[in-house]
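First to last, the sequence lines map onto chains A and B. To convert, note that position 124 of the first sequence is 124 in our numbering; the numbers rise steadily by one, no gaps. To convert, note that position 210 of the second sequence is 210 in our numbering; the numbers rise steadily by one, no gaps.
If you are wondering where the hints come from, they were derived from the structure by calculation, not from laboratory data. Check the hints yourself; a few may be wrong.
Computed footprint of chain A on chain B; a stretch qualifies when at least three of its residues, placed anywhere within it, have a C-beta under 8 Å from a C-beta of chain A [to be verified]:
no.	segment
1	59–70
2	114–120
3	164–171
4	189–199
5	228–235
For glycine and all other residues, C-beta sits at the position ideal for the given N, C-alpha and C.
Residues per chain are reported as follows:
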Amino acid sequence: MEAKLRIARRASATTEQKKSSWVRQLWDRRWCYLFAAPSLILATMFTFYPIVSSWYFSLLQWSGFTADKTFVGLANYAELIQDKYFWDAFLRSFQFMIVAVPIQLILALLIAIVLNDQALKLSPLFRTMIFLPVVTTAAIVGMLMTLILSPFNGPINGVLRDLHLITQPIDFLGDPQTTLWTVIAVFIWKWLGQPMIYWLAALQTIPRELYEAAKVDGAGWWRQLWNITLPLIVPFAIVIILVTAVGALHVFPLIQTLTGGGPFFATEVMEVYIYRVAFGGETGMGTPRLGYASAAGVFFGVAVMILALFQAWGARSLRDFRSDLQSV
Amino acid sequence: MGQGSNRRATIVSLILIPICLIWIYPFLWMISASLKTNAEFFQGTGLIPTTLHWDNYVRAWQNAHIGDYFFNSVIVTVAAVAIATTTAAMIGYVLGRYSFPGKKLLMGLFVATVFIPQGYTVIPIFEIVNRLGLADTLWGVILAEAGGVNVLSILLFAGYFAQLPRELEEAAQMDGAGFLRVFWSIMLPLSKPVIASTVILRFITIWNSFLLPLVLTLSRPGLRTLAVGIYAFRGEYYVDWSGMAAAATISLLPVIIMFILLQRYFVEGISGAVKQ
Numbered sequence: 001m002e003a004k005l006r007i008a009r010r011a012s013a014t015t016e017q018k019k020s021s022w023v024r025q026l027w028d029r030r031w032c033y034l035f036a037a038p039s040l041i042l043a044t045m046f047t048f049y050p051i052v053s054s055w056y057f058s059l060l061q062w063s064g065f066t067a068d069k070t071f072v073g074l075a076n077y078a079e080l081i082q083d084k085y086f087w088d089a090f091l092r093s094f095q096f097m098i099v100a101v102p103i104q105l106i107l108a109l110l111i112a113i114v115l116n117d118q119a120l121k122l123s124p125l126f127r128t129m130i131f132l133p134v135v136t137t138a139a140i141v142g143m144l145m146t147l148i149l150s151p152f153n154g155p156i157n158g159v160l161r162d163l164h165l166i167t168q169p170i171d172f173l174g175d176p177q178t179t180l181w182t183v184i185a186v187f188i189w190k191w192l193g194q195p196m197i198y199w200l201a202a203l204q205t206i207p208r209e210l211y212e213a214a215k216v217d218g219a220g221w222w223r224q225l226w227n228i229t230l231p232l233i234v235p236f237a238i239v240i241i242l243v244t245a246v247g248a249l250h251v252f253p254l255i256q257t258l259t260g261g262g263p264f265f266a267t268e269v270m271e272v273y274i275y276r277v278a279f280g281g282e283t284g285m286g287t288p289r290l291g292y293a294s295a296a297g298v299f300f301g302v303a304v305m306i307l308a309l310f311q312a313w314g315a316r317s318l319r320d321f322r323s324d325l326q327s328v
Numbered sequence: 001m002g003q004g005s006n007r008r009a010t011i012v013s014l015i016l017i018p019i020c021l022i023w024i025y026p027f028l029w030m031i032s033a034s035l036k037t038n039a040e041f042f043q044g045t046g047l048i049p050t051t052l053h054w055d056n057y058v059r060a061w062q063n064a065h066i067g068d069y070f071f072n073s074v075i076v077t078v079a080a081v082a083i084a085t086t087t088a089a090m091i092g093y094v095l096g097r098y099s100f101p102g103k104k105l106l107m108g109l110f111v112a113t114v115f116i117p118q119g120y121t122v123i124p125i126f127e128i129v130n131r132l133g134l135a136d137t138l139w140g141v142i143l144a145e146a147g148g149v150n151v152l153s154i155l156l157f158a159g160y161f162a163q164l165p166r167e168l169e170e171a172a173q174m175d176g177a178g179f180l181r182v183f184w185s186i187m188l189p190l191s192k193p194v195i196a197s198t199v200i201l202r203f204i205t206i207w208n209s210f211l212l213p214l215v216l217t218l219s220r221p222g223l224r225t226l227a228v229g230i231y232a233f234r235g236e237y238y239v240d241w242s243g244m245a246a247a248a249t250i251s252l253l254p255v256i257i258m259f260i261l262l263q264r265y266f267v268e269g270i271s272g273a274v275k276q
């Protein structure tokens with residue numbers, strides 16, 4: 001009897017101790033929570049809350065500027081999947097990414113390999129020149145390029161005419177046939193410097209001795225590239241591809257200022273579509289539809305995340321495959 | 001490095017110089033166009049203007065309020081970069097050096113936001129800024145810019161702080177330094193390379209930002225940043241080509257000059273960020 005009581009008393013003592021130790025643990029770690037708090041509060045307000053409230057907004061008929069929110073359930077989504085402009089913009093976003101990212105990555109890698117040469121004394125100058133558009137506000141690049149590519153007095157058409165390559169000026173940004181390609185070209189020009197720097201950093205992690213040893217063994221430039229450089233930058237490549245791909249989905253500033261999504265919606269990507277639907281677009285005409293635009297945003301966001309999961313999964317199975325190969 | 005590699009380097013340089021000049025041709029053209037008259041602008045492709053027309057700059061500065069927009073941009077960028085870097089350093093410090101209940105969840109939440117497109121969150125941000133009553137000050141734009149989770153900076157700080165030796169803070173604690181003091185006087189000064197990388201990466205993103213400031217200043221022209229201001233200028237004065245070139249030059253030159261002066265740190269900062 002007495003033993004039983006003792007056990008019971010001990011048990012309650014340990015729970016009490018455990019409880020107080022749990023509180024104590026939190027108290028001991030109070031600085032950790034205090035230090036994490038500012039980021040968490042900001043992220044909650046401007047990232048987590050927007051993600052969740054988008055779901056709710058997407059179920060509303062709501063013009064935004066007045067309080068007339070009407071709950072319409074999934075009606076926005078039902079309308080969305082029948083909206084030709086939505087699907088065009090949705091697919092165009094990915095088309096943009098699929099075309100721009102590989103070109104950007106391969107060009108940047110080539111330039112990085114050339115500039116990584118120790119004997120190239122002017123390398124920092126070239127690096128600076130190629131990086132210059134990256135620090136230039138995208139919206140201003142958009143405006144500048146509108147002037148440069150103009151069919152009326154733009155220097156590009158002028159040069160092409162002086163070289164007798166064309167007789168009629170090309171309306172790079174006004175012709176639905178050429179616009180999207182022009183925008184992609186401008187995007188690559190603007191952002192090429194960023195992956196170039198990433199590649200340069202990756203290349204600089206490769207020990208010089210490897211190349212010297214390869215040279216002693218009689219390996220030429222191509223063999224060194226194929227057997228040393230490329231295999232050793234693969235781990236970096238996965239991150240660089242990911243960052244560049246995410247970047248290619250944020251083309252709003254460039255497209256809005258170059259073409260506004262036109263002509264005839266030929267360059268309307270998702271963010272431009274969302275902006276147009278939500279805020280009445282460039283002219284401020286049309287009815288703002290925040291609920292409908294939210295539904296488009298949710299749809300797009302989910303699609304991007306599924307794509308990202310696939311990419312992460314692909315990267316992981318590639319890694320597993322390689323380690324399997326090594327263990328064989 | 002023999003004579004062969006030197007000769008190769010010379011040949012490569014000779015090929016690269018014209019390519020790089022073409023690469024920056026738009027900027028050279030813009031500066032040249034900003035000094036021409038609108039009439040001269042329409043003739044020829046020569047880069048050297050016949051006479052220098054500084055009145056384009058006067059027009060851009062006065063009519064287009066480029067000066068005001070420039071200061072708005074500077075305020076937004078400086079404040080948002082400062083807030084974003086400070087908060088990232090703080091959370092990176094505790095994530096990198098301490099274990100505490102909820103750490104894994106916190107990490108998971110932040111990493112999950114990497115792929116959120118801005119088009120997805122912009123409408124609720126617009127709504128929350130209005131509801132907080134921040135719509136008539138630059139604070140709305142500043143907080144919204146700083147509030148986007150920057151996982152890369154947080155991971156950089158966490159990784160860097162994690163590898164600093166324990167003895168550092170033990171020695172400081174023996175001397176009676178508390179948590180804050182250890183962070184402020186020992187850890188933070190040691191993390192200068194990461195601070196530099198984060199500041200640079202954030203600067204590029206926030207200076208380039210367009211969608212958020214555009215949406216948040218739709219009905220408030222006084223709060224426009226440069227990017228939004230130039231965009232509006234184009235809508236209002238689309239016939240004044242050399243005025244627009246002048247406006248673009250005013251907005252770009254300070255950044256370009258700063259970048260050229262600091263380019264070593266810029267490029268090495270990003271390189272350092274990738275290597276870690």
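Taking the numbered hints from earlier one at a time, note which ones the structure violates and give those numbers from smallest to largest.
-> Result: hints 1, 3 and 4 break, sorted rising.
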